[in-house]
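Q: Sequence:
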Amino acid sequence: MKVKHDAPDLLVIEDAPWLVGAALIVFILSFCAIGLFLLGAGDWAGLVLFLGGGGLGFGAFAVFVQKSQAIFDRRTGEVILRRRSLFGETRESHPLAEFGGAEIASRMSRSKQGTTIKMRRVELIFAEHRLPISEVWSNGSHHLRISRAINDWLDKGRGAA
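If you're matching positions, the sequence shown starts at 32 in my numbering and goes up one per residue.
For the record, the hints were derived by calculation from the structure and aren't laboratory data. C-beta: ideal position from N, C-alpha, C; glycine also. Careful: at least some of the hints might be erroneous.
Between beta-carbon pairs, the in silico distance windows are [said to hold, decoys possible]:
#	residue 1	residue 2	range
1	Ser61	Thr121	30 to 38 angstroms
2	Thr121	Ala91	15 to 23 angstroms
3	Asp74	Gly132	20 to 28 angstroms
4	Arg138	Val34	19 to 27 angstroms
5	Gly188	Lys35	31 to 39 angstroms
6	Asn182	Leu87	35 to 43 angstroms
7	Glu159	Leu87	32 to 40 angstroms
8	Ile56	Ser140	18 to 26 angstroms
9	Glu120	Thr146	20 to 28 angstroms
35 angstroms max Cα-Cα, derived DSBU-like pairs, lysine-lysine [unchecked claim]:
#	residue 1	residue 2
10	Lys98	Lys33
11	Lys35	Lys149
12	Lys35	Lys98
13	Lys149	Lys98
14	Lys187	Lys35
Work out the full structure: start from the sequences and follow the hints.
A: Here it is as structure tokens:
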């Protein structure tokens with residue numbers, strides 16, 4: 032997640048999981064290539080690899096690879112959340128006047144080995160509800176930087192008003 036544009040009247044935050052997408056494409060192509068190789072050699076197990084591995088990878092790609100944008104626009108007085116995936120694009124708009132700031136939400140995740148990891152995401156606080164910028168929880172270090180950028184941008188606008 033990163034700040035794509037930061038100006039007094041417009042702030043754009045974007046999350047595009049390129050690394051996850053690239054890894055899943057390599058996963059899909061690997062299973063499909065092995066499956067096709069086995070099918071070409073007359074082994075029907077290749078069909079299982081092709082459909083199972085390729086299909087599983089495609090399903091993961093469709094679910095986890097989603098570009099998210101939060102656009103804070105003083106000119107229109109809106110906060111716009113856009114999400115784009117293989118299934119299309121969604122867009123929702125909320126009044127900037129109801130936007131109270133950004134916070135970091137946390138939850139604990141436990142691995143099979145018993146290790147706990149603190150997962151986070153940036154959420155936007157409105158008068159009636161909270162909305163995540165991205166549906167994905169992660170343990171990266173960018174959450175604090177993004178939350179501060181949003182809150183600083185909001186504070187600068189309040190000072191100018």
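Q: Compare the structure with the hints numbered earlier in the document and write down the numbers of the violated ones, lowest to highest.
A: Result: hints 3, 5, 9 break, sorted rising.
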